[in-house]
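Novice: Here are the chains, one letter per residue:
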Amino acid sequence: MNRKEFLSDCGKIGLTGVTLSLFPWLESCSDKTRQQTSGEKVRMGIIGTGSRGLFHIQHLLQMPNVEVVALCDNYLPHLDNASQYFPKAKRYDDYRKLLDDRNVECVIIATPLYLHAPMTIDAMEAGKDVFCEKSMAYTLDQALEVYNRRQQLGRVLLIGQQRLFDPKYIKAMQMIHQGVIGDVVGVRNYWYRNNDWRREVPSPELERHINWRLYSEYSRGLMTELACHQLQNGSWAMGMLPERVMGAGSLVHWKEDGRDVYDSVSAIFSYPNGVNMTFESIISNKHFGMGEQILGTKGTIDLVTAMHYTDEPAPRGSGIHQLIEQIEQGVMSNSVFAGTSWAAETSSLAAGRPIMQDVKVVSGESSVGAEADGSKELLEAFVNSVICGKQPEKVLEESYYATQYALLADKAMHEGAILTLDEKYKIPYEPLK
Amino acid sequence: MQFHYSSKNPLYPMASCAFHAMHTRVEMLVVGVERDRGEELAHMLRERVCDMARRFNRFDMTSPLAVVNARAAVEAVSVDDELYMALQLCEVFRKGTYGYFSAAPTLKGAPFVLCDQSHEVRLQSEDALIDLGGFAKGFALEQIVTLLRSEGVGMALVNFGNSSIASIGHHPYGEGWGVGVENPECRGMQAFEVRLCDGAMSLSGRTPSGEYHIINPHTGVKVAQDEMILVEGRSPLVAEVLSTALYAAPASERATIMQSFGGYVATEIYCRGANVKCRRIE
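Protein sequences appear in the order of chains Z and X. Its first residue numbered 5, the first sequence is counted upward by one per residue in our numbering. Its first residue numbered 101, the second sequence is counted upward by one per residue in our numbering.
Hints may contain errors.
Stated by the list, open to error - Per label pair, the in silico range of CB-to-CB distance:
#1 Z:Thr424 with X:Phe103: 26 to 36 Å
#2 X:Lys377 with Z:Lys364: 53 to 63 Å
#3 Z:Pro81 with X:Asn375: 46 to 56 Å
#4 Z:Ser220 with X:Tyr370: 49 to 59 Å
#5 Z:Val205 with X:Glu311: 45 to 55 Å
#6 X:Gly373 with Z:Lys302: 28 to 38 Å
#7 X:Gly320 with Z:Ser254: 41 to 51 Å
#8 X:Thr162 with Z:Thr301: 49 to 59 Å
#9 X:Thr307 with Z:Lys302: 27 to 37 Å
To be verified - Which chain Z residues face chain X? A few, computed with CB under 7 Å, are given here:
#10 Leu144
#11 Leu148
#12 Gly243
#13 Leu245
#14 Ser322
#15 Gly323
#16 Ile324
#17 Ile331
#18 Glu332
#19 Val335
#20 Met336
#21 Asn338
#22 Phe341
#23 Gly343
#24 Thr344
Claimed, not checked - In the SDA-like style, the derived pairs of lysine to any residue whose C-alpha atoms are separated by at most 25 Å in a straight line are:
#25 X:Lys377 with Z:Lys36
#26 X:Lys195 with X:Lys377
#27 Z:Lys364 with Z:Met179
#28 Z:Lys398 with Z:Pro276
#29 Z:Lys138 with Z:Gly334
#30 Z:Lys302 with X:Leu111
#31 X:Lys377 with Z:Ser337
#32 X:Lys108 with Z:Met336
#33 X:Lys108 with Z:Gly131
#34 X:Lys108 with Z:Pro28
#35 Z:Lys101 with Z:Ala130
#36 X:Lys108 with Z:Lys364
#37 X:Lys108 with Z:Gln326
#38 X:Lys108 with Z:Asn338
#39 Z:Lys302 with X:Thr124
#40 X:Lys195 with X:Ser225
Hints listed in this document are in silico derivations from the structure and should not be mistaken for laboratory results. Even for Gly, the Cβ is constructed at its ideal location relative to N, Cα and C.
Produce the entire structure from the sequences given, and follow the hints as far as they go.
Specialist: Given below as C-alpha cells:
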C-alpha cells in the first residue's frame, strides 16, 4: 500500500473501523470529506510569509479549493516573495488589519512562537478559522488560553503537528495499538543537526527579528521548535500522558553568537505505567540525525524510517536449509554459508521490514519543512474542516499536550527540577486507545 | 533442539537438526533415513556434543578443564581419557605447526606436561590457561563423523557454526557437497567454492563483526590480518587446527607449516568489497 492508497483507505476504513477511533481527525482528509468539499473554495489569509509560510504556499498552490486573498508580513522581502505567487492578494504589514478584512475566512499563522497565541486568539475572535504553526504557545498559560477560547468561540483550529497526518505514522500507530510490538516499554526521540540554526541577516538590527529562534524572548528553542513534533509519540502509542518531566539543557557549542537558548537538551517524560519517553537534541553533531522509535516487548517500530524490527528475528536461511531445498527439488548447487564463525542474529543487526511501501524518509535536517511529512495532508484537512465548519476530533488535544509538555520540559531544565503538569493545565483528554 | 524431516523427494528423504553448543550453532543433515532413525541420530549427536562442550568448557567451574586450569599449576591433576587425548593432540599439533597452534596461546612454548602413565597434567606456569576453543569444534566434528559412519550413515553434512564443516559421502545430486564461502564484506556473495566429499573444511579469520580474535602464541597478541584462511582435507580436526595456526603464522611461514600436512589444501582468501583474491598456500 503506498501513501496515496493508504490515505484513500483512511477514508474508507476510518469511517467504519477501529482506525477512526485511533485517528478521528483523518475524517477531515478522507475521500468522503473530499467529495463533500469538492467545488467549494475558502478565502485564506497568510500571516507570516517567511520560510515556513512559503513552504505552505507550495502546497496551497496545488489545492484548487483555496484562494489566497491576503498576505501579511512586517518584513518586506518576505511579503514580496509571497506576493509573487498570489499577485492579486491584498498585502498587509499588520496582522490586525488582515483580520479586519472580511473577505478572509481563515488564516495560516506562520510567525515566531511568541506571537502564536495572541495572533490565534485575535484571529478566532475576528471570526476566522485558524491553522497555526506549532508550538501552540510560548507559555503554559497562553496554550490553555488558546484552547479555552477555541472552545468558547467554536472556530476550527489546527496546529502544525503534521505527524498526526503522516501516513507512515498512522500506519505505525495502528500496528502498535494492534499489539504487533507487544507492550510498549520505551519511547526514544532524538533530533541531531550540525548547523548554527541561523538565517542570513541583511542588516544587524534585524538579527533578533529574523533569528528569533535563538532568543528566549521569542522562542523556547529546541523544545518548542523540534521536540514538540515528537512528544506526541508517547501518548499516541500508549494512550496516556506523562506524569513527570525532567531534563537538562545547556549551551555547549554555539556560545559565541549571543543566543540564549540551549543548543543541547535531554529530557525524560515518565508515564504513569513506568514507561519513559526520552528526547535528545544536539545541534553541533548530526551523525544520528532524527529518530523516533517505539520500543515494545516483541519488537521496535522506527517511525521515521517506517521500519519494523522484531526482537525475535527469524534466522536467515541456513546452509542446511538451502541444501534441503535443493535435494527436495532434485538439484544441486553451491550453498553459500561458510564463514569465519557463526554470528547470532541480534535485533540490532537483523534487517527490519518496511511497514508500508513507497515511504519517503524525512531527514530532519531542514528547519523549514520536508515533502511527504504530513504537512500537505494537514493543510488539506484544515481547508476541508473550514469548508465543512467542523473541528476535527481529538487532534487539538494532541497538539495542546505536545506543546504543554515541550514547555514543561523546558521549564524543568531551567529550574533543574522534576515537574508535573499542574491540574489547571489539564484539559479533557480522551486517550486514543 | 530443532528437528525437521522431509520426504518431499521420495528418493532421498532427509532428517535435519539444529541446536546450540560451544557458543555456536550446530546443524546436521542426514540423507536417506527414516524419520525415527533420523530423530534418534539427532538426539545422539546432540547428547555427545553437549557432553563434550560441558567438559571442555573452561568457564564452567565444575568442568574437568576448569579444574586443570585452577589446580594444575601447583599439582599434577589426573584427567579422564578424552581430555587427556585432547591435550595430547594439542601438543602434537603445537609441535607440528611450529608453535602457531597452542591450547594456551597467551603462553610461549609448551604450556603443560603430560604423564602417560597416570594421565596427569601439570601446567608449566601459573599464567598458563588452557582454552580448547580453537580445537574443540574440530574434535567434536571428528567424533560426530565417526559416530554417524558407525551408525551406517552414507550421506550427511554437519555444520559447526559455519566455520567448521564435515561431510560423509556426497550430495545426492553431485559428486560432493557444494559449499560456498561467503564474502564477509558482501553478504550472500560467494568468495570461494569448496566441494566436500568425505572431507572437511575449516575457515579462520576475523569474526563476522570484524574483530581480530586469534592469538599468535609466539607473541601473545592478537593477529591483525584481514584475509581468511581456508583448509580442506579429510579430518575436520586437522582442518580446524591448521586453519587457526596458518592464520596466526606470518605469511612467509605458512608454506613451511603446510609441508607437514600432506593431503590438506590451504587457501588465503582476501576480500575487499566485492573483489576477491585467493592464493593457495604451497
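Novice: Please go over all the hints and tell whether each is borne out by the structure.
Specialist: Tested hints:
Range check, Thr424 of chain Z to Phe103 of chain X: about 55 Å between beta-carbon atoms, so the 26 to 36 Å window is missed. Range check, Lys377 of chain X to Lys364 of chain Z: Cβ separation about 41 Å, and the 53 to 63 Å hint is violated. Separated by about 54 Å at the C-beta atoms, Pro81 of chain Z and Asn375 of chain X satisfy the suggested range of 46 to 56 Å. The hinted window of 49 to 59 Å between Ser220 of chain Z and Tyr370 of chain X holds, with their beta carbons roughly 58 Å apart.
The given range of 45 to 55 Å is respected by Val205 of chain Z and Glu311 of chain X, whose C-beta atoms sit roughly 51 Å from each other. Taking the beta carbon of each, Gly373 of chain X and Lys302 of chain Z are about 36 Å apart, inside 28 to 38 Å as hinted. About 46 Å separates the C-beta atoms of Gly320 of chain X and Ser254 of chain Z, a value consistent with the hinted range of 41 to 51 Å. For the pair Thr162 of chain X and Thr301 of chain Z, the beta carbons lie near 34 Å from each other, so the given range of 49 to 59 Å is not met.
Judged by the Cβ atoms, the range 27 to 37 Å given for Thr307 of chain X and Lys302 of chain Z holds: they are separated by roughly 28 Å. The beta carbon of Leu144 of chain Z is not positioned within 7 Å of any beta carbon in chain X (closest approach about 48 Å), and the interface hint is therefore violated. Checking Leu148 of chain Z against chain X: minimum C-beta separation of about 52 Å lies over 7 Å; hint violated. With a least beta-carbon distance of about 38 Å to chain X, the hint placing Gly243 of chain Z at the interface is violated under the 7 Å criterion.
Because the closest C-beta pair between Leu245 of chain Z and chain X is about 41 Å apart, greater than 7 Å, the hint is violated. Hint status for Ser322 of chain Z relative to chain X: holds, with the closest Cβ pair at about 6 Å, below 7 Å. The closest approach between the C-beta of Gly323 of chain Z and any C-beta of chain X is roughly 6 Å, which is under the 7 Å cut-off, so the hint is satisfied. Using the Cβ-Cβ criterion of 7 Å, the hint placing Ile324 of chain Z at the interface with chain X is satisfied: the shortest such distance is roughly 4 Å.
With a cut of 7 Å, the hint placing Ile331 of chain Z at the interface with chain X holds, because the nearest CB-to-CB distance is about 5 Å. Taking 7 Å as the C-beta contact cut-off toward chain X, the hint placing Glu332 of chain Z at the interface holds, the least distance being around 4 Å. With a least beta-carbon distance of about 6 Å to chain X, the hint placing Val335 of chain Z at the interface is held under the 7 Å criterion. Taking 7 Å as the C-beta contact cut-off toward chain X, the hint placing Met336 of chain Z at the interface holds, the least distance being around 4 Å.
At about 4 Å, the closest approach between the beta carbon of Asn338 of chain Z and any beta carbon in chain X falls short of 7 Å, and the interface hint on this residue holds. Using the Cβ-Cβ criterion of 7 Å, the hint placing Phe341 of chain Z at the interface with chain X is satisfied: the shortest such distance is roughly 6 Å. This hint holds: Gly343 of chain Z has a C-beta 5 Å from the nearest C-beta of chain X, less than the 7 Å allowed. Given hint, Thr344 of chain Z at the interface with chain X, holds; its Cβ is 4 Å from that chain's nearest Cβ, closer than 7 Å.
With a C-alpha separation of about 63 Å, the suggested pair Lys377 of chain X and Lys36 of chain Z falls outside the 25 Å cut-off, and the hint is violated. Among the hinted pairs, Lys195 of chain X with Lys377 of chain X is inconsistent with the structure: their alpha-carbon atoms are about 30 Å apart, more than 25 Å. At roughly 19 Å between alpha-carbon atoms, Lys364 of chain Z and Met179 of chain Z fall within 25 Å of each other, so this suggested pair holds. Distance hint between Lys398 of chain Z and Pro276 of chain Z is fulfilled; the C-alpha atoms sit about 21 Å from each other, no more than 25 Å.
Between the alpha carbons of Lys138 of chain Z and Gly334 of chain Z the distance comes to roughly 63 Å, so the proposed pair goes past 25 Å and is violated. For the suggested pair Lys302 of chain Z and Leu111 of chain X, the alpha carbons sit about 41 Å apart, so the restraint of at most 25 Å is broken. Restraint check: the Cα-Cα separation between Lys377 of chain X and Ser337 of chain Z comes to about 22 Å, which is no more than 25 Å; the hinted pair holds. Restraint check for Lys108 of chain X and Met336 of chain Z: satisfied, since their Cα atoms lie roughly 15 Å apart, inside the 25 Å limit.
The suggested pairing of Lys108 of chain X with Gly131 of chain Z is violated, with an alpha-carbon distance near 75 Å, which exceeds 25 Å. A threshold of 25 Å between alpha carbons decides the hint, and for Lys108 of chain X with Pro28 of chain Z the separation of about 51 Å lies outside it, so the pair is violated. For the hint linking Lys101 of chain Z to Ala130 of chain Z, the alpha-carbon distance of about 11 Å falls within 25 Å, and the restraint holds. Using a Cα cut-off of 25 Å, the hinted pair Lys108 of chain X and Lys364 of chain Z is violated, with the two alpha carbons roughly 43 Å apart.
Among the hinted pairs, Lys108 of chain X with Gln326 of chain Z is consistent with the structure: their alpha-carbon atoms are about 14 Å apart, no more than 25 Å. Distance check on the hinted pair: Lys108 of chain X and Asn338 of chain Z sit about 20 Å apart at the alpha-carbon level, within 25 Å; holds. A threshold of 25 Å between alpha carbons decides the hint, and for Lys302 of chain Z with Thr124 of chain X the separation of about 24 Å falls inside it, so the pair holds. Straight-line distance between C-alpha atoms of Lys195 of chain X and Ser225 of chain X comes to about 19 Å, which keeps the hinted pair within the 25 Å bound.
Violated hints for the displayed structure, listed by number in ascending order: 1, 2, 8, 10, 11, 12, 13, 25, 26, 29, 30, 33, 34, 36.
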